[in-house]
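Those sequence lines, one after another, are chains A and B.
The numbering of the first sequence is our numbering, which starts it at 1 and goes up by one.
The numbering of the second sequence is our numbering, which starts it at 1 and goes up by one.
Since the hints were made in silico from the structure, they are not lab data.
Beta carbons: idealized from backbone N, C-alpha and C, even for Gly.
Warning: the hint list may mix true and false statements.
Capping the alpha-carbon separation at 20 Å, the derived lysine to aspartate or glutamate pairs in EDC-like fashion look like this [stated by the list, open to error]:
id, chain 1, residue 1, chain 2, residue 2
1, A, Lys-91, B, Asp-98
2, B, Lys-255, A, Glu-15
3, A, Lys-8, A, Glu-39
Which residues of chain A face chain B? A partial, calculated answer using Cβ under 8 Å [unchecked claim]:
id, residue
4, Gly-80
5, Tyr-87
6, Trp-90
7, Pro-94
8, Ile-102
9, Trp-111
10, Leu-114
11, Gln-121
12, Tyr-127
13, Asp-130
What the simulated footprint calls covered on chain B by chain A, stretch by stretch (three residues with Cβ under 8 Å from a Cβ of chain A suffice, anywhere in the stretch; the number is not a length) [unchecked claim]:
id, region
14, 8-14
15, 180-193
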Amino acid sequence: MSTSIQVKNLSKTYEYFKKEAGLTGSLKSLFWREKLYNEALKGISFKIDEGELIGFLGPNGAGKTTTLKILSGILYPTSGEAVVLGYVPWKRSPEYQRQFSIVMGQKNQLWWDLPAQESFQLNKEIYEIDTKTYRNNLDELIELFEIKDILDIPVRKLSMGQRMKCELSAALLHSPRVLFLDEPTIGLDIISQEKIRHYLSEYNKIKKTTVLLTSHYMRDVERLCGRVIVINNGIIVYDGSVQDLMNTYGKHKIIRLRFSKEYTENGLAKYGEILERDGLCVVLKTGKEDIAASTARILNELPVEDLSVEEIEIEEVIKKIFTG
Amino acid sequence: MKKYITLFHINWQNSLQYRFSLIVYIFGYSLYIGVLLYLWSAIYSEGQTVGNYTLSELTTYYLLQLMINSVIFSYVSWDVIENIKDGYFSNFLIKPIDYYFYWFTVNLSGKILEGLFIIIAVGIISIFFRGHLTFPGTSAALIYFLISVILGIVLSFEMDFCVGMITFWLTQVRTFKFMLQTIILFFAGAMLPLDLFPDFLVRISDFLPFRYLVYFPVSIYLGKINNPWPSFAILIVWILVFYGISRVLLLRGIKRYEAVGI
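Turn these sequences into a full structure, and let the hints guide you.
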């Protein structure tokens, strides 16, 4: 399999100016400003093969978005190399631009006041897609994303889930060989999240497009990706299969309890490790395999009003990678 | 090229989305001009002159000045400032489309549409005020006028684009833009015909590009300039100069944007 993305020792340092609070601070900064540096990426290296669907995980500010921006040519790095499909991204050659796409969950690329169809039409011309290919791709995407009925509605009237489906379709019209996704499921409800995940994995299977997606939801990666790269503070802390990561670090689940009445006895430890206890609310951690048994016992034996089971947050997993 | 043609008509659709506000726009505009013309004709009795201007010439000057304000003056910098501030600008770095020509097209398409609506509005009004208005004496004057309007649209766009580019370096461009706008309107002859200025101001305005935005096209319309070609030549030089400045600012701005991410 050929290499799609190759990154070597990529570093990015942002420069910014310190500004003291208040009006005096503003006035002072007119004459003298202290320069500060923020190392967003500290020499990361990785290689991605064509057709891989890779999860890029990390907490906020870890360097995920910075990496995607460099790979799509929005930013240039302070040092290091990157080659995508044989091109250096920050040279922004049109040949490269016609072969990749980036979708940012929090940013809108479609024309807000017009139906998505109009933005599609404009993309057709921008990417110089011939009419036949355009029709075929559009039909495929309409079917895959189930957007037939919302194509004629102004984008501003769509729900967030519908909008994301249209954003993705617009980004895929020119059949990019590489797709960068920055938090594609952010702000969506659980059902929409699941759907977007489903579409993405289907699309990757059919088209063999290389997909690099960032997320801070463990579930995104668990469901979608074979391989995951975990980044924290600008350093890659894990690069390997999701299975291994979950087996090693994600073996636990979180149970959140709310008692219906004051419960002060000390017997809670037998249901799991107590992470938090505050009046009526308790947070427990328990092994993944015990989860069914534990919840059943809790519901039977304790005066529980509400109970929910949650995944361990990616932050927890990363904390564990560090502490071993 | 085709991408810009598509952009041109998509922008029309975008502008036509809000039909109600368009009707209000035309209505409000007609009313505004009507009141203004009524006022002028009430202030002066026929036959009076101000400087070199007869009443009907001065009325026409202000009427055209109003139209030109909408048709020539570009306001893309508001969007450009917004784009750069909120990071939407990134979308232009990842697609095979040119940021300058993108806004050039959006501006031109918007201006032509606005021009059509204004012609409708002014057409209706001038039926009632025929007697108070001056019309071009020759068809050549009318053609020169149209050429000067089109060149004015281009020059105004370029200058406004440059103002937007400043956002790459300064975050507070809006205040600057307001100040600059007043100066431009003044030296363009939008507030008062330039030849009614004191001498030294006339001489300053001769060296500035702003006069080509209002004073120049209106003077052609009123038949006060018989041979516009030397001025056209200077105007085209200004257009080339500002094209160069736009390109340099955009290029350097992108360098900065790439480094900071803003």
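Hints versus structure:
1. A:Lys-91 to B:Asp-98: Roughly 14 Å separates the two Cα atoms, so the pair holds.
2. B:Lys-255 to A:Glu-15: holds, 14 Å
3. A:Lys-8 to A:Glu-39: Holds - the C-alpha atoms of Glu-39 of chain A and Lys-8 of chain A are around 16 Å apart, at most 20 Å.
4. Gly-80: It is violated, given that the least Cβ distance between Gly-80 of chain A and chain B is near 15 Å, above 8 Å.
5. Tyr-87: Check failed: Cβ of Tyr-87 of chain A comes no nearer than 13 Å to chain B, outside 8 Å.
6. Trp-90: This hint holds: Trp-90 of chain A lies near chain B, its Cβ roughly 7 Å from the closest one there, short of 8 Å.
7. Pro-94: holds, 4 Å
8. Ile-102: holds, 6 Å
9. Trp-111: holds, 6 Å
10. Leu-114: holds, 6 Å
11. Gln-121: holds, 6 Å
12. Tyr-127: Cβ of Tyr-127 of chain A sits 7 Å from chain B, so the hint holds.
13. Asp-130: Hint on Asp-130 of chain A: violated, closest Cβ of chain B at ~11 Å, above 8 Å.
14. 8-14: Answer holds; 3 residues pass the 8 Å Cβ test.
15. 180-193: n = 0 at 8 Å, threshold three: violated.
Violation of the numbered hints given earlier is confined to hints 4, 5, 13 and 15; the remaining hints are satisfied by the structure.
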